[in-house]
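Asks: The chain contents come next:
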Amino acid sequence: MATVLDSPNPFAPSGNLRRRKRVDLMMRATATFWAVAAVAVLGIVLGYVAAKGAGALSPSFFTQSPSDFGPIGGILPEIVGSLILVGLATAFALPIGVLTGIYLTEFSTPRTAYPIRLALDLLNGLPSIVIGVFVYGLLVLGSGQKGYAGSIALAIIMVPLIARAAQEVLRLVPQSQREAAHALGMSKWRTTVGVVLPACISGIITGTVLAVARAAGETAPLILLSSLYDAGNTKVTANVFGGVMPNIPIQIFNDSELGTPTAHERAWGAALVLVAMILIVSLIARVLLARQRRRLYR
Amino acid sequence: VNDRQRPGTAASLCAVAVPSIAVGGGISGSRGRADRVGDRLLQGLTTLASLLVVVTIAFIIYQLVDGARPAMSLYGFGFIGHNVWNPAAENQHGIFGAAAFIYGTAVTSAIALILAGPIGIAIGLYLSLLAPRRIAAVVGPLIELIAAVPSVVLGLWGLLVLAPLIKSTIEPALGAVLGWIPLFGAPASGWAGEGVFAAGIILTIMVVPIVASISRELFLSVPNELKEGALALGATRWEMVRGVVLASSRPGLTATMILGLSRALGEAIAVTQVIGGGSSSIISGNLFNVGDTLASRIANASQSSNGPRMTAAIFYLAVILLAFGLLANLTAQTIVRRYEVANRAH
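In the order they appear, the protein sequences are chains Z and X.
For what it's worth, this note's numbering labels the leading residue of the first sequence as 37, then goes sequentially.
For what it's worth, this note's numbering labels the leading residue of the second sequence as -16, then goes sequentially.
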């Protein structure tokens, strides 16, 4: 006791405590370092895409077809193809996903909910290339690659994302609102369509937009379903049943494998277009989602 | 949360509900019939959609096994341990085995987990316990944004930026220090930096945001009384983290690792771009050699025209990948469910 009182600062760490504090400081520094490093990696990757991609961008990049000879051409057919593939996939996945979400929150019993939730989780966890092989065996084997096959694979990827998002926001709608509608004599479907869905529609839209952002960059299934085209010579097409639909992710993949400076330049340009589309869309969706959550949780 | 009214909702509820009540009253004939039909229709449609989801997963499993059947009956389980992949052998029928790809998948995923596990947990700790709220609100979404970068773009960056960097800087440095370990042996001549090591790094970048965001949620859900109790007993922050936060979220962290693993197992495109495989099937202990994973071989093989036996072999690869994926997800979910049940029991 006397030694503590004698020392000039009784609370100055000494011996064992100093060592513990040093370990503490080291661990804190490590955690902070890795957080900074992760953000730095994001910055480096996006920085490369922006810097190298900007060099490839020009008005003609959005109005021409790719070209293997001389200038790089543009990626108009790929932009159009990606929009069509993802649009069609959304048209398949949105109703199925939202209806599944409605079933889970409004109609299911614990006994029926379990297998559906399990199926959604398993579907969500499947490697996308496995879904690609499935659709390949179903629609492509023996008859050749088709655009719509790619859309169906993208839809299978999107359904669990949309269903999960829909279920999450449907559950946030207060039970009292449903009860109030029932008390007013409204039938279940009018309650669901007229009261519950409008209360959380923005959340469902946000979830769908995030699923679209995910599908737009998905390459693995498309490599089996809509990839066998001449990367340097494509035309704008809207016929998803006619054959292969050129698209941005496959263009980037093929150009990165080609190994010529022209192809690499075009790949960076296409990557910039793709990343810009996806990041803008998912940033907006995330901001909306955060706002929606704040409102519903209050 | 549930029994509190949202401000502003009461008005919108009235706007929706009142007109439909005013007209019908709910009992009269045609209206009642419409309601009955509507109820049935909505229940029928939602049930149908849910069934479709369940049927899809079952159909995927059936379709893959069915497509792989010729290879399964030809090779049996020997396919898994067999290490030749040569489409030109046996009069162009080909000889196929998956051992090299299973090995490649295991090694790349192991690199990703060994690196991304601790890094992701460190970031989760930073975001949940260390960072000031304002900073966490910015850094958290930024790290999640890494997961939004399409894998083909990450692969492009890996091939054109990371691989040359590995060749010029990282490999010589690692080789100088750790070259005595066979893992970091000298690369083949003419090597451009691609290979198993590059694939592992790219997978690490993909897995970190998953581990970081799930573990952040886990750490936030540790009760404050426990954390404060540890601090009140004189523990430093790190001792509190080790003794309370990490200890109490261990099952959740295991599930997180498995989810990260399943992401790494199944990634096809970025790995195909940077792993430099495609034709041969080598099993090499040297991380700077080229290789192939299950997913990357499927992606590679799809760009050539294949005989029926090779097609069946590709389906077999997909079945193995599917089995790994399902196993990982089921394990993770079982852990999470048991964890939640245990938590509720407290």
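To be clear, the hints were calculated from the coordinates, so they are not data collected in a lab.
The structure displayed is predicted, hence computed values, not measured ones.
Please note that the accuracy of each hint is not assured.
Unchecked claim - Calculated from the model, a selection of chain X residues having no Cβ within reach of chain Z, i.e. all distances over 12 Å: (1) 24; (2) 72; (3) 80; (4) 195; (5) 209; (6) 283.
Unchecked claim - List time: in silico DSS-like cross-link candidates among lysine-lysine, alpha-carbon distance up to 27 Å: (7) 150/X x 57/Z; (8) 271/Z x 88/Z; (9) 150/X x 88/Z.
As the list claims (entries may be wrong) - If we take Cβ atoms under 8 Å as the criterion, some of the chain Z residues that face chain X in the derived model are: (10) 68; (11) 75; (12) 225; (13) 294; (14) 298.
Built from N, CA and C at the ideal position, the CB exists for glycine as well.
Asks: With reference to the structure, classify each hint as holding or not holding.
Replies: Right, here's what the structure says about each hint:
1. 24: The claim breaks: residue 24/X does not keep its Cβ more than 12 Å from every Cβ of chain Z (closest is about 7 Å).
2. 72: Non-interface label stands for residue 72/X: nearest chain Z Cβ at 23 Å, farther than 12 Å.
3. 80: For residue 80/X, whose nearest Cβ neighbour in chain Z is about 18 Å away, the distance exceeds 12 Å, so it holds.
4. 195: Check fails; 7 Å does not lie beyond 12 Å.
5. 209: holds, 18 Å
6. 283: violated, 9 Å
7. 150/X x 57/Z: This hinted pair is violated, its Cα atoms lying about 40 Å apart.
8. 271/Z x 88/Z: holds, 25 Å
9. 150/X x 88/Z: With a Cα-Cα distance of about 21 Å, the restraint between residue 150/X and residue 88/Z holds, given a limit of 27 Å.
10. 68: Holds, because the Cβ-Cβ distance from residue 68/Z to chain X comes to roughly 6 Å (cut-off 8 Å).
11. 75: Cβ of residue 75/Z sits 5 Å from chain X, so the hint holds.
12. 225: holds, 4 Å
13. 294: violated, 11 Å
14. 298: violated, 14 Å
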